[in-house]
Every structure is written in C-alpha cells, then in structure tokens.
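Next come the chains, spelled out residue by residue.
There are 2 protein chains.
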Amino acid sequence: MKKLINAPETAVDEELAGMVAAHGDLIRVIEPNVVVRVDAPRQGKVGVISGGGSGHEPMHGGYVGMGMLDAACPGAVFTSPVPDQMLAATAAVNGGAGVLHIIKNYTGDIMNFELAAEMARAEGIEVSSVVIADDVAVKDSLYTAGRRGVGGTVLAEKIVGAAAEAGADLATVTALCQKVQDNVRSMGMALTSCTVPAAGKPTFELGEDEMEIGIGIHGEPGRTRMKLATADEITEMLALPILDDLPFKRGDSVLAFVNGMGGTPLMELYIVFNKLAQILKGRSVTIGRSFVGNWITSLEMAGCSITLLRLDDELTRLWDAPVKTPALRWGI
Amino acid sequence: MKKLINAPETAVDEELAGMVAAHGDLIRVIEPNVVVRVDAPRQGKVGVISGGGSGHEPMHGGYVGMGMLDAACPGAVFTSPVPDQMLAATAAVNGGAGVLHIIKNYTGDIMNFELAAEMARAEGIEVSSVVIADDVAVKDSLYTAGRRGVGGTVLAEKIVGAAAEAGADLATVTALCQKVQDNVRSMGMALTSCTVPAAGKPTFELGEDEMEIGIGIHGEPGRTRMKLATADEITEMLALPILDDLPFKRGDSVLAFVNGMGGTPLMELYIVFNKLAQILKGRSVTIGRSFVGNWITSLEMAGCSITLLRLDDELTRLWDAPVKTPALRWGI
Numbered sequence: 001m002k003k004l005i006n007a008p009e010t011a012v013d014e015e016l017a018g019m020v021a022a023h024g025d026l027i028r029v030i031e032p033n034v035v036v037r038v039d040a041p042r043q044g045k046v047g048v049i050s051g052g053g054s055g056h057e058p059m060h061g062g063y064v065g066m067g068m069l070d071a072a073c074p075g076a077v078f079t080s081p082v083p084d085q086m087l088a089a090t091a092a093v094n095g096g097a098g099v100l101h102i103i104k105n106y107t108g109d110i111m112n113f114e115l116a117a118e119m120a121r122a123e124g125i126e127v128s129s130v131v132i133a134d135d136v137a138v139k140d141s142l143y144t145a146g147r148r149g150v151g152g153t154v155l156a157e158k159i160v161g162a163a164a165e166a167g168a169d170l171a172t173v174t175a176l177c178q179k180v181q182d183n184v185r186s187m188g189m190a191l192t193s194c195t196v197p198a199a200g201k202p203t204f205e206l207g208e209d210e211m212e213i214g215i216g217i218h219g220e221p222g223r224t225r226m227k228l229a230t231a232d233e234i235t236e237m238l239a240l241p242i243l244d245d246l247p248f249k250r251g252d253s254v255l256a257f258v259n260g261m262g263g264t265p266l267m268e269l270y271i272v273f274n275k276l277a278q279i280l281k282g283r284s285v286t287i288g289r290s291f292v293g294n295w296i297t298s299l300e301m302a303g304c305s306i307t308l309l310r311l312d313d314e315l316t317r318l319w320d321a322p323v324k325t326p327a328l329r330w331g332i
Numbered sequence: 001m002k003k004l005i006n007a008p009e010t011a012v013d014e015e016l017a018g019m020v021a022a023h024g025d026l027i028r029v030i031e032p033n034v035v036v037r038v039d040a041p042r043q044g045k046v047g048v049i050s051g052g053g054s055g056h057e058p059m060h061g062g063y064v065g066m067g068m069l070d071a072a073c074p075g076a077v078f079t080s081p082v083p084d085q086m087l088a089a090t091a092a093v094n095g096g097a098g099v100l101h102i103i104k105n106y107t108g109d110i111m112n113f114e115l116a117a118e119m120a121r122a123e124g125i126e127v128s129s130v131v132i133a134d135d136v137a138v139k140d141s142l143y144t145a146g147r148r149g150v151g152g153t154v155l156a157e158k159i160v161g162a163a164a165e166a167g168a169d170l171a172t173v174t175a176l177c178q179k180v181q182d183n184v185r186s187m188g189m190a191l192t193s194c195t196v197p198a199a200g201k202p203t204f205e206l207g208e209d210e211m212e213i214g215i216g217i218h219g220e221p222g223r224t225r226m227k228l229a230t231a232d233e234i235t236e237m238l239a240l241p242i243l244d245d246l247p248f249k250r251g252d253s254v255l256a257f258v259n260g261m262g263g264t265p266l267m268e269l270y271i272v273f274n275k276l277a278q279i280l281k282g283r284s285v286t287i288g289r290s291f292v293g294n295w296i297t298s299l300e301m302a303g304c305s306i307t308l309l310r311l312d313d314e315l316t317r318l319w320d321a322p323v324k325t326p327a328l329r330w331g332i
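So the sequences go chain by chain: L and G.
Under my numbering, the first sequence has 19 at position 19, and the numbering climbs by one with no breaks.
Under my numbering, the second sequence has 296 at position 296, and the numbering climbs by one with no breaks.
Only chain L is shown next, with the shape it has when bound in the complex (with noise of 0.2 Å):
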C-alpha cells in the first residue's frame, strides 16, 4: 500500500487537522470530528449538514462554508459517521430555524441519521431530512436498500445551501433538497479498485484487461464487469441509461457533472465529456451548466461518474449564487 499516511488510524484526524491549518478561515474542526463553519450557528437561518464516510473528499468536508453545508460529519474512510457526529453538528449548527440532514442512502447512514435526528429532536432542535439516490446503476446494493446516493449529492448541497444561505425556511429548503433528488440521476466506473488504509489491500481486483460499470464510490459491485472500452463507448454505457431513468426528455436543460474517483487524470474528464456532449446533442437536451472535476472521489480509484441534473430557473440560479468552500469557491 502506497500512501502518504503516517498511520490509517490517524489519517482522518491529521487530515482534518491539515484542513484547519488550510482553511481555518472558514472551518473549525470539534469534537468528535466535525467540520463546522467557523461563523456557525447563524442565528435565523436553517442549518444544512451531511456527512458519510471519509474517502470521498472533498465531499462533504471541503463544502463547509458561505453557500453550501454548515457542517459536515466525516466518518472513518467508507464507514458511516456515528449519531454522536450527526447529533454535534445539529446542534453546532441551529440557529433556531431548524436543521436539515442531506443523507446519501447506506444502510448505516440513514440509521444513525435517524437516530441522531431523534436526539437533536429531543433537545428542542426542529430536524428534517433528504435521503439522496440517484445512482441508477443497481436497484439494491452492497450497502444500500434501494439506490446509492453519489454524484447528486454535491449538486444538491450546492443548491439547497444556497437557498439556507439566502434566508428559506426548514419546509422550503427541505422541498428544494426533494426537487434535487427527484430530478437528479447517476452512473460510475471504475478502472482500478482503491486501498482503503486500514485494509492495506485493493477492496476489490480487477483484470488487466477489466473495468466495472456501475461501480459504487466504495467499489460495490455495478451492473458488470468487462473488457476494457473506448472512453465513447463507456460515455455511452454510463449516459444512455441516466437519459432513459428519469426520463431527460428533447429540450430539458441540464446541469451536466463528469466526476473523477479520484485517480484519473482531468484530461480523461474532459474526454468523457466531450462524447456526453455528443450524446446530448442527439437527444436535444441542452448543456446549461457544466461541472467537471473530482468532487466525489473514492480515495485513489481510476474512473469516472457521470450525473445529470435537469434544471429550471430556480435551480440554475441557486447553482450560480456565491459559495465560498474549502474545495467550491466562486462568486465571493
């Protein structure tokens, strides 16, 4: 295992720490660990959190901040954050007007979410929640009853903090977060598998000559498993079945998010991209806003995601509104 670690059971803390000493401008790190953003709680103002296992960075600790999450609970790498997380970041970031949980459907997220939603409840903290699906490739998974949550939900912690930020209430914001899932569809693949630290060894083995379509971000197993492809015909593979879910239909708009796993280069991003667009085109549905980059990683893996977004004025404007991140920053 090659990795710049000092030991796997230190690695989220000492990244966490390294990310204070980054960013401590606009996050702080407390027990037991979650990132927060440094003006947190902002008294009037609906909290929005999410969290989930580490290894996925910069989701969702590198969100933090002006215009996105308030806080985020990082779990040990691909393993859900405990309630205590979730329960520490609801009540760090109230500020009276309720907080709302955006959680990627695992098992044990939404378990402890719950649980921690219950507690938060408890402690007069009004709690509501979105559970993000989008990943089309497999109805049940590894992890999961029902669809995994990926790519969607960067697009829908964009969105909905823009609308917190802006000043909408609990029911509002969790409606937004709703509208995003509901319009919001994914697909992945993997190349190479990835190491987790504490493992020490690939989580899975793929051939020389293979590649998994429909991977999950912690390498569950996809649809299948094949010979190697052309980059169009693996565009093809991840894109035709996105378009025909929801269905995208002629003249819908898109916010189109080619995502790196974390090991491949942005040359090959902007490869898959440019057969997307293609692909698209044939179908008339229009490119409104474009996202390219590894945003939801799985440590070191080799591959890619694509996730389509339809979107309306609404959304494309809360896309747009200022954000200032760690890892998304524009407008400020």
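Treat each hint with caution, since some may be false.
Note that identical chains are pooled: a pair holds if it fits in a single copy or bridges any two copies.
Stated by the list, open to error - In silico SDA-like cross-links for lysine to any residue, where the CA-CA straight-line distance does not exceed 20 Å: (1) LYS324 <-> MET66; (2) LYS2 <-> THR203; (3) LYS2 <-> LEU206; (4) LYS201 <-> ALA229; (5) LYS324 <-> PHE291; (6) LYS2 <-> GLU236; (7) LYS201 <-> LEU228; (8) LYS2 <-> LEU228; (9) LYS139 <-> THR107; (10) LYS281 <-> PHE291; (11) LYS2 <-> LYS227; (12) LYS324 <-> ARG289.
Quick caveat, the hints were computed from the structure, so don't treat them as lab data.
Got chain L sorted already, so can you dock chain G onto it with the hints?
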C-alpha cells in the same frame, strides 16, 4: 494501460473539444491547438500566455480566463508545444500592449518560445518572457539546463494575470513575474509512475516499497530513490530543502501550496499540509495563504509537491484578486 481515452493520438484534441463543450463561456480553441480566452484580444491589455506539454492539467488550459492567462498552448503529452502554437497564441491575445510568455524551464519549451517570440516581433508584436525555474530538487535535469519549472508556475500565472487584468503595462507585468520566480521554491516526490498514452507503459519503474524524492513532473529522476516513509518524513524531506534554499526566514509570510500529482487523494494532501504547517510554525514562518489540490499534475502519478511563495502585500492582493477560469475561480 487503463485510461479513459479513445486513442492516444486523438486524446489531446478530444480533451480540448471537451473543454470547449464544458467551458465555452470562458474559452475557445483555435488552430493549431491553442486555448484562448473567449474575449481575447482585449485592446490595451497586456496578453499573458503560457504552454507546455499536456498531461499536467489543469495547467495550463484550465487557467485561461479572466484574471489569469489569455491563452495556453498545450503540446502532446509531456511534449513541448511547437512555435506555431505559441505564435498563434501571441497573435490571438495581442491587444497592442505586448505579450508576456511565461515559460517553464525545459529545453524544448525555451527554444520554441524563443523562436515564437522572434516571429511575433517580426510581426510587430512586443514580446517579453520570464522563465520559471523553482524546483530545488536538482541543479540540472533530463530535459533542463538549470532548475525545472514546476508549481511556482501556477502561482505566477495567477498573480501576473491579475496585474495584467488590472491594466499593468508589459514592463510591470514582466518584472512582477520575475519577482514571483525570485520568491518561489518547490520540490516534489512520487509514489508511483504514470503512463504516457502513446508509450503505453509506465515512464519509470518504482518497487512496491519504493518512492522517488525530487521527482520531475515528467517523471525525470529526482534526488534519491528510497524506501517508503511516513507522510511526516516525506513532508520534511520536501519542505526543509525549500525553506533552506531561498532561504525563507523567521517572520516571512508564505503562500503554502501542497499539490497532488494527479493520483493522490485529497485526504493525503491535507495530511501533508498538516505537517507542513507544523514545520513552518517551528521556523516562525506564517501561512498567509493556502492552496491545496491537484493543480499541476503528471497524469495519474501518485505523489505530491510542496511550493512556498514568499508573500508581500502586492503578491497577496494579486493572489486574492478575482479570477474566472475553467479550473480556478473566485471573486466573480
């Protein structure tokens, strides 16, 4: 070779087409493979261009836009662009106030930029150039007389681009670029090699328990090949030679830049940043600004580099100035 490409010989062209599809509001691509700011040339503004082999994305094409580069010339992977590209870029961004060439110190780049500058001058365009040579690892290198140009280039492009945007003249912009070069130092390391698409096999071999300290961004040999060490030990091996070289002194304020080589998770870069912050504190050097991410890469190489730029008020103000490019965006 596992890559999201269609064919090695079309990879750069398809990448550029994907960039235009994603970022057509910011950039266009003209023949022969020049990424140009969409509103260039701007009358009366000094043009700032750079270029070099592809495979280091987002550098340089991802840095074309408002407040940074006016154009970039991407060569084949790890191969210098040709003089015709540099000439076309120079002509495309010439608004009558002259054009600065920011050149990374590699023999091919230097030779071709010099030739292009001569041709541009013959066409009546005033051209100046600054060579970035910030890598303290080795005195001379495989493709270099003198030090290699690495991470400092990204910082120079941002800072110089901000000054040109604000209306500085060619002499001022050129002197500023030289000031960045005079105050910036870098060093990198690799855990793994990378594979140039056209070669189809790794550029160099590293054992399962080995790393290379002082690596170049094309996999050029560094200072030493040695057994794997911890992140803290590696950070010391990179930071101490940098600190001693300028030298950085007690009371200095620096822009601390921890860069990923392309295949290294953000988690690991923050672990390195955490140790770097401790080392700087021990030397009474203040972190004035931070920059963490995959900003100058070597395809999917795993590893990192550290760059330190000594800041003053002018450099800090220009670093903070608005920028809007495919890869770097803030303040607008």
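Next item on the list: First find the shortest C-alpha distance between LYS201 and LEU228 inside one copy, then the shortest across copies, and answer within, between, both or neither for a cut-off of 20 Å.
Entry: between (23 Å within a copy, 16 Å between copies)
Checking an output row: LYS324 and ARG289, CA cutoff 20 Å. Within, between, both or neither?
So LYS324 and ARG289 pass the 20 Å test inside a copy (19 Å) and across (15 Å) alike.
Since the copies are identical, ignore which copy is meant and state whether LYS139 and THR107 lie within 20 Å (CA to CA) inside a copy, between copies, both or neither.
within (14 Å within a copy, 55 Å between copies)
Next item on the list: Measure nothing new, just compare the shortest in-copy and cross-copy C-alpha distances for LYS324 and MET66 to 20 Å and report within, between, both or neither.
Entry: both (5 Å within a copy, 19 Å between copies)
Original post:
Checking LYS2 and LEU228: alpha-carbon separation at most 20 Å within a copy, between copies, both or neither?
Top reply: For LYS2 and LEU228, only the inter-copy Cα distance (8 Å) is at most 20 Å; the intra-copy one is 25 Å.
Margin query: As a check of your reading, is LYS324 near PHE291 (CA-CA no more than 20 Å) within one copy, between copies, both or neither?
Written below: both (16 Å within a copy, 14 Å between copies)
Worksheet item: Is it within a copy, between copies, both, or neither that the alpha carbon of LYS2 lies no farther than 20 Å from that of LYS227?
Response: between (26 Å within a copy, 11 Å between copies)
Between LYS281 and PHE291, at a C-alpha cutoff of 20 Å, which is it: within one copy, between copies, both, or neither? This pair counts as within: shortest intra-copy Cα distance 17 Å, inter-copy 37 Å.
- Have a look at LYS2 and GLU236 and pick one of within, between, both or neither, based on CA distance no larger than 20 Å. For LYS2 and GLU236, the Cα distance is within 20 Å only across copies (18 Å; inside one copy 33 Å).
> What label fits LYS201 with ALA229 when the C-alpha limit is 20 Å: within, between, both, or neither?
Replying inline: Between copies, since 18 Å is at most 20 Å while 26 Å is not.
Up to 20 Å between alpha-carbons, please classify LYS2 paired with LEU206: within, between, both or neither.
Both. Shortest intra-copy (18 Å) and inter-copy (11 Å) distances satisfy the 20 Å Cα cut-off.
Exercise for the section: With 20 Å as the alpha-carbon cut-off, assign the pair LYS2 and THR203 to within, between, both or neither. Expected result: both (14 Å within a copy, 18 Å between copies)
No hint from the list above goes unmet by this structure.
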